[in-house]
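Visitor: Below are the chains, spelled out letter by letter.
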Amino acid sequence: MTIEPFSDRAVVNRFSCGKRPLDSFLKNKAKKVVKRCEYRVFCANLDGSPNVIGYYALQLGNEGVSELPDARKDNHYLKNYVAFPALNLSFVGVDSNYQRQGLGEHLLMDVFARAAAIAEHAGFYALTLTSLDDDSTAFYKSLNFAVYSAENVKPPKMLYPLEDILTLMSTV
Amino acid sequence: MSNAVIRTFMRWWNALALRNGKLKFRNQREAADFVRRVQNENGGPNAKVLAMRQRYVEVNRAKAGRNTPRFNESDDRAVLG
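Protein chains in written order, with the working numbering: chain A, 1 to 172; chain B, 1001 to 1081.
Bear in mind the hints are in silico, worked out from the structure with no lab data behind them.
Treat the hints with care, as some may be off.
Unchecked claim - Pairs of lysine-lysine residues, derived as BS3-like cross-links and limited to a Cα-Cα distance of at most 27 Å, are as follows:
1. A:LYS19 <-> A:LYS29
2. A:LYS31 <-> B:LYS1024
3. A:LYS141 <-> A:LYS31
4. A:LYS19 <-> A:LYS31
5. A:LYS19 <-> A:LYS35
6. A:LYS27 <-> B:LYS1024
7. A:LYS19 <-> B:LYS1048
8. B:LYS1048 <-> B:LYS1063
9. A:LYS154 <-> A:LYS29
10. B:LYS1063 <-> A:LYS19
11. A:LYS19 <-> A:LYS32
12. A:LYS141 <-> A:LYS154
13. A:LYS154 <-> A:LYS27
14. A:LYS141 <-> A:LYS19
15. A:LYS154 <-> B:LYS1048
16. B:LYS1063 <-> A:LYS141
17. B:LYS1063 <-> A:LYS154
18. B:LYS1022 <-> A:LYS141
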């Protein structure tokens, strides 16, 4: 199994993970957004096969404070702080034929490794994501991801500190 | 529309946004504090993450060794990670 950057060679039309937004992103949008450099998409394939059995999409982003409550320009504390820098795991999906085999965990660890590599070139606080459903929220919580959106916000936004990722890289 | 009306509307709008509460922090400094607090509470990667990382490293090491990743390497579970 290999994980490689999305390319024209990737066969995505057979991919189905059971979650329509995730399937739709890979099939209909991945090619376009990669070309525009909006996301970087990485695909898992078996033995050099072009069929995608899992993927994830990363984007460097932030929570712009202009979108936050009471974030007016006349607030002095905002003048020097314009963003919350983060690496966003925007999409991650595993084909239904390959679920419950550890591929999702493998992809997440690949994301961690890539986050550590990115951290050598750009500063950010954490790996962030928006949990898709209750099951994924429970999974991420079991790894110590913390919810950083307010309690009433569904689906929750979660983060994992970059420092913990770097500690992990140096430990194992 | 007068400035007073706009200001009143903005006050109401911001109060509403605050009540709806999007995130647990309002600026970068609070975000940094939040992340630091999470990090301290976590006390480093937990056992589950460590085990996941260990499996990831082993799979990559095996792949580098033989360059032909396989299914069913050790038991009934497909070895993917």
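Visitor: Checking each numbered hint in turn, tell me which of them this model violates, lowest number first.
Guide: 2, 3, 6, 10, 16 and 17
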